[in-house]
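Participant: Sequence:
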Amino acid sequence: MEQSHARSNRSGRTAMFQAMKTLRYAFFLLAIAGVQSWSFSFHGPHRSLDTTKLALSSGNTNMDRRQLLHQIVLSTATCAPLLICAGKAGSAAFAAPLIPETTKATATVAKDRFGSVLLATQYLSSKPAGDRSLVLGLKDEPTYLIVNNDKSAIEDFALNAECSHLGCIVPWNEFEKKFECPCHGSKYDAMGNVLRGPAPYALSLAHVTTEEDTGRILLSPWTEVDFRTNESPWWK
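Be aware that the sequence shown starts at 239, since it is given in the working numbering, and climbs by one per residue.
Be careful, since some hints might not be right.
To be verified - Simulated pairs of lysine-lysine, DSS-like, Cα-Cα distance not exceeding 30 angstroms: (1) Lys425 - Lys365; (2) Lys377 - Lys415; (3) Lys377 - Lys349; (4) Lys365 - Lys349; (5) Lys389 - Lys425; (6) Lys377 - Lys416; (7) Lys377 - Lys365; (8) Lys474 - Lys415; (9) Lys349 - Lys415; (10) Lys389 - Lys377.
Read the hints as simulated data drawn from the structure, not as lab findings.
Start from the sequences, fold in the hints, and give me the full structure.
Facilitator: What follows is the structure in structure tokens.
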């Protein structure tokens with residue numbers, strides 16, 4: 239009986255962990271939309287920040303921060319009962335679509351904001367040359383995939399979208415070809431190198447490959463020397 243009770247407790251804790259992980263991802267999606275909306279308004283109508291089509295519709299680009307917080311609260315309140323039920327039932331059924339899908343080689347399958355798996359051929363056909371678009375990457379983190387300049391392939395590296403200063407999501411400014419942090423003003427070039435602080439480091443890297451039999455886009459940890467600096471990666 240004690241063993242059965244222990245297994246039940248472990249199952250409950252696992253389900254609750256998965257539910258909390260799902261809630262974290264929900265906040266990430268709302269934060270993406272909010273940061274982009276705020277950044278559009280901050281930079282004005284003539285400086286488009288095309289951060290991979292995850293922005294809100296043009297009708298909401300003047301949303302202020304109070305409205306954003308209100309929207310987050312409402313969305314979270316709607317999702318919370320489902321997450322609690324998932325935890326109590328000992329099942330991750332509600333969380334499953336939002337938990338990153340991994341392969342046997344510890345690579346993560348790239349997904350869009352709706353949790354749909356991204357296929358390389360379809361992705362390339364939908365993006366312009368030089369595009370930098372956000373996807374769900376390693377450890378649920380927002381990550382920029384980069385289309386090369388002749389649109390023949392996706393670059394074999396991706397950039398983590400979290401600022402190395404305090405972790406704010408860094409939008410891509412298509413007009414200036416820079417990543418610009420809306421929180422404290424850090425700027426990065428198109429390769430993620432720091433142009434202006436207070437960010438201390440470049441945006442972290444991830445490997446990008448295409449699964450041969452399925453065409454899925456895969457992301458895996460970058461543990462080698464950073465090719466931009468010829469130094470060991472600071473994010474290890």
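Participant: Does the structure keep lysine 349 and lysine 415 at a Cα separation of 30 angstroms or less?
Facilitator: holds, 24 angstroms
Participant: Can the restraint linking lysine 377 and lysine 416 be considered satisfied, given a maximum Cα separation of 30 angstroms?
Facilitator: holds, 25 angstroms
Participant: Has the given pair, lysine 365 with lysine 349, been kept, meaning a C-alpha gap of at most 30 angstroms?
Facilitator: holds, 15 angstroms
Participant: Would you check the hint for lysine 377 and lysine 415, treating anything up to 30 angstroms between C-alpha atoms as holding?
Facilitator: Distance of about 27 angstroms is within 30 angstroms: holds.
Participant: Are lysine 389 and lysine 377 close enough, with their CA atoms no more than 30 angstroms apart?
Facilitator: Roughly 28 angstroms separates the two Cα atoms, so the pair holds.
Participant: Does the structure keep lysine 425 and lysine 365 at a Cα separation of 30 angstroms or less?
Facilitator: Roughly 24 angstroms separates the two Cα atoms, so the pair holds.
Participant: So if I understand the rule, the pair passes when the alpha-carbon distance is 30 angstroms or less; does lysine 474 with lysine 415 pass?
Facilitator: holds, 27 angstroms
Participant: Between the alpha carbons of lysine 377 and lysine 365, is the straight-line distance 30 angstroms or under?
Facilitator: Roughly 24 angstroms between the alpha carbons, so the hint for lysine 377 and lysine 365 holds.
Participant: Under the criterion that the straight-line Cα-Cα distance not exceed 30 angstroms, is the pair lysine 389, lysine 425 satisfied?
Facilitator: Given pair lysine 389, lysine 425 holds - Cα atoms ~25 angstroms apart, limit 30 angstroms.
Participant: Check the hint pairing lysine 377 with lysine 349 against an upper bound of 30 angstroms on the C-alpha distance.
Facilitator: holds, 12 angstroms
When the structure is compared with the earlier hints, no violation turns up for any of them.
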